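Colleague: So the protein lines, in turn, are chains A and B. Under the working numbering, the residues of the first sequence are numbered 514 to 738, in order. Under the working numbering, the residues of the second sequence are numbered 514 to 738, in order.
A couple of the hints might just be wrong.
Put simply, identical chains are the same to the list, so a pair is met inside one copy or across any two.
Said to hold, decoys possible - BS3-like, lysine-lysine: derived pairs with alpha carbons at most 25 Å apart:
| hint | residue 1 | residue 2 |
| --- | --- | --- |
| 1 | Lys670 | Lys682 |
| 2 | Lys682 | Lys555 |
| 3 | Lys688 | Lys659 |
| 4 | Lys659 | Lys690 |
| 5 | Lys682 | Lys720 |
| 6 | Lys690 | Lys712 |
| 7 | Lys712 | Lys670 |
| 8 | Lys627 | Lys712 |
| 9 | Lys611 | Lys659 |
| 10 | Lys688 | Lys611 |
In short, the hints are calculated from the structure, not lab data. Just so you know, these numbers come straight off a predicted model, no measurement behind them.
Protein chains: 2
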Amino acid sequence: MEQHHGDGPRSPVKEKPVMSNIGKSTNILWHNCPIGQSDRQKLLGQKGCVVWITGLSGSGKSTLACALNRELHYRGHLTYVLDGDNLRHGLNRDLSFKAEDRAENIRRVGEVAKLFADAGIICIASLISPYRRDRDACRALLPDSKFIEVFMDLPLKICEARDPKGLYKLARTGKIKGFTGIDDPYEPPVNGEIVIQMKDGECPSPKEMARQVLCYLEENGYLQA
Amino acid sequence: MEQHHGDGPRSPVKEKPVMSNIGKSTNILWHNCPIGQSDRQKLLGQKGCVVWITGLSGSGKSTLACALNRELHYRGHLTYVLDGDNLRHGLNRDLSFKAEDRAENIRRVGEVAKLFADAGIICIASLISPYRRDRDACRALLPDSKFIEVFMDLPLKICEARDPKGLYKLARTGKIKGFTGIDDPYEPPVNGEIVIQMKDGECPSPKEMARQVLCYLEENGYLQA
Numbered sequence: 514m515e516q517h518h519g520d521g522p523r524s525p526v527k528e529k530p531v532m533s534n535i536g537k538s539t540n541i542l543w544h545n546c547p548i549g550q551s552d553r554q555k556l557l558g559q560k561g562c563v564v565w566i567t568g569l570s571g572s573g574k575s576t577l578a579c580a581l582n583r584e585l586h587y588r589g590h591l592t593y594v595l596d597g598d599n600l601r602h603g604l605n606r607d608l609s610f611k612a613e614d615r616a617e618n619i620r621r622v623g624e625v626a627k628l629f630a631d632a633g634i635i636c637i638a639s640l641i642s643p644y645r646r647d648r649d650a651c652r653a654l655l656p657d658s659k660f661i662e663v664f665m666d667l668p669l670k671i672c673e674a675r676d677p678k679g680l681y682k683l684a685r686t687g688k689i690k691g692f693t694g695i696d697d698p699y700e701p702p703v704n705g706e707i708v709i710q711m712k713d714g715e716c717p718s719p720k721e722m723a724r725q726v727l728c729y730l731e732e733n734g735y736l737q738a
Numbered sequence: 514m515e516q517h518h519g520d521g522p523r524s525p526v527k528e529k530p531v532m533s534n535i536g537k538s539t540n541i542l543w544h545n546c547p548i549g550q551s552d553r554q555k556l557l558g559q560k561g562c563v564v565w566i567t568g569l570s571g572s573g574k575s576t577l578a579c580a581l582n583r584e585l586h587y588r589g590h591l592t593y594v595l596d597g598d599n600l601r602h603g604l605n606r607d608l609s610f611k612a613e614d615r616a617e618n619i620r621r622v623g624e625v626a627k628l629f630a631d632a633g634i635i636c637i638a639s640l641i642s643p644y645r646r647d648r649d650a651c652r653a654l655l656p657d658s659k660f661i662e663v664f665m666d667l668p669l670k671i672c673e674a675r676d677p678k679g680l681y682k683l684a685r686t687g688k689i690k691g692f693t694g695i696d697d698p699y700e701p702p703v704n705g706e707i708v709i710q711m712k713d714g715e716c717p718s719p720k721e722m723a724r725q726v727l728c729y730l731e732e733n734g735y736l737q738a
């Protein structure tokens with residue numbers, strides 16, 4: 514028989530506690546806390562959500578994440594950036610770049626982003642996340658339009674010319690395998706909320722990209738409780 | 514050769530980007546964002562930290578977490594509860610209760626709590642976390658006194674009498690194995706910051722427990738930026 518453990522006693526909830534089996538865990542009690550997402554949103558004057566920035570290496574994801582973070586902070590909003598690379602220093606340090614580990618990497622970032630959105634924060638997640646099914650799984654975690662997908666739709670040749678980490682060079686010479694855009698596919702979003710593109714042959718500046726997302730957030734009511 | 518991927522391009526940082534190998538990941542670039550923890554703390558008027566509540570099943574961890582959450586919210590502070598059970602519905606749904614999975618469960622909660630503290634939030638983590646080495650590993654993630662260990666020092670017989678989920682009963686009849694306090698050890702903190710105990714033979718009320726932690730936070734400057 515599978516082991517039954519619990520990680521927390523009775524919570525001061527009105528409803529009857531619900532026991533359930535989740536994945537490999539049995540007898541898990543769900544604790545409701547009387548302070549919820551809407552209370553935290555009122556405190557912060559914003560709606561918790563996830564801005565999920567996806568695109569090729571070198572497409573400007575982190576640059577947009579930083580610029581957006583800055584613009585929102587200057588307007589008095591609480592934001593937090595989850596960067597795919599940075600999380601590999603901590604939460605995801607046990608994961609490699611093989612296929613199932615990349616999927617698990619994205620799953621965990623999605624789950625953590627969901628917690629941040631629940632905390633009332635505008636969470637900016639920045640990672641290549643090349644496969645549609647992985648991104649859609651994260652979207653499914655966040656109902657009610659709380660998942661805002663931003664596609665960095667810049668041509669491969671521009672990303673490769675930037676090559677900020679020299680990784681395209683290594684991929685082209687076969688020194689790394691399975692590199693997104695070279696010998697592994699990138700599946701663009703089909704119905705993403707925001708697309709960042711070149712205009713008149715020019716790449717948008719960090720500020721222009723941030724403004725585009727900011728306008729979306731403003732127009733859709735995320736910047737008020 | 515191990516694969517080298519990157520999850521984000523150049524960031525608008527002043528310092529030179531630093532490439533490093535972390536765990537199973539190679540060529541990971543660390544992105545610094547110009548908005549940091551201290552900016553978020555100023556915005557929130559508090560210091561990000563982790564209140565780590567540890568103790569037996571039935572010792573009142575979730576009850577304290579909820580009460581503390583409520584008290585802090587009413588004072589205008591942003592808090593978030595990471596509950597061991599709740600996370601097993603999401604981030605940790607792939608983990609069972611076998612020894613290495615319990616350790617991994619605690620490691621991930623510690624890493625996520627660290628992110629929340631970095632976001633400026635007072636993060637309340639509530640989980641049995643029976644082994645000293647697992648808790649100390651989480652403490653090590655959070656330097657500068659940002660890890661506040663709260664030990665629910667209530668006698669086993671009281672926790673067992675409460676038995677909110679009927680798990681002690683199952684453990685006593687051998688229907689579950691390796692249950693903390695019955696056939697698996699609980700290692701109490703040695704130099705924890707806060708100890709919750711009975712007074713004059715009475716268990717403290719949720720409010721009393723919350724006040725004790727609140728006083729600690731206030732006296733140690735966490736409730737201001």
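Colleague: Check Lys690 against Lys712 for me: Cα-Cα at most 25 Å, and say if that holds within a copy, between copies, both or neither.
Modeller: Intra 32 Å, inter 63 Å, cutoff 25 Å: neither.
Colleague: At 25 Å max between alpha carbons, let me know whether Lys627 reaches Lys712 within a copy, between copies, both or neither.
Modeller: Intra 33 Å, inter 40 Å, cutoff 25 Å: neither.
Colleague: How do Lys688 and Lys611 come out at 25 Å by Cα distance, when the copy is not named: within, between, both, or neither?
Modeller: within (15 Å within a copy, 39 Å between copies)
Colleague: How would you label the pair Lys712, Lys670 (within, between, both, or neither) given a Cα cut-off of 25 Å?
Modeller: within (16 Å within a copy, 70 Å between copies)
Colleague: 25 Å Cα cut-off: does Lys682 pair with Lys555 within a copy, between copies, both or neither?
Modeller: neither (48 Å within a copy, 43 Å between copies)
Colleague: Measure nothing new, just compare the shortest in-copy and cross-copy C-alpha distances for Lys659 and Lys690 to 25 Å and report within, between, both or neither.
Modeller: The answer is neither: 34 Å in one copy and 41 Å across copies each exceed 25 Å.
Colleague: Are the CA atoms of Lys688 and Lys659 at most 25 Å apart within a copy, between copies, both, or neither?
Modeller: neither (39 Å within a copy, 42 Å between copies)
Colleague: Tell me, please, which holds for Lys670 and Lys682 at an alpha-carbon limit of 25 Å: within, between, both or neither?
Modeller: within (12 Å within a copy, 65 Å between copies)
Colleague: Check Lys682 against Lys720 for me: Cα-Cα at most 25 Å, and say if that holds within a copy, between copies, both or neither.
Modeller: neither (29 Å within a copy, 60 Å between copies)
Colleague: For Lys611 vs Lys659, is the C-alpha pair at or below 25 Å within one copy, between two copies, both, or neither?
Modeller: Neither: 29 Å inside a copy, 35 Å across copies.
Checked against the numbered hints given earlier, this structure breaks hints 2, 3, 4, 5, 6, 8 and 9; the rest are met.
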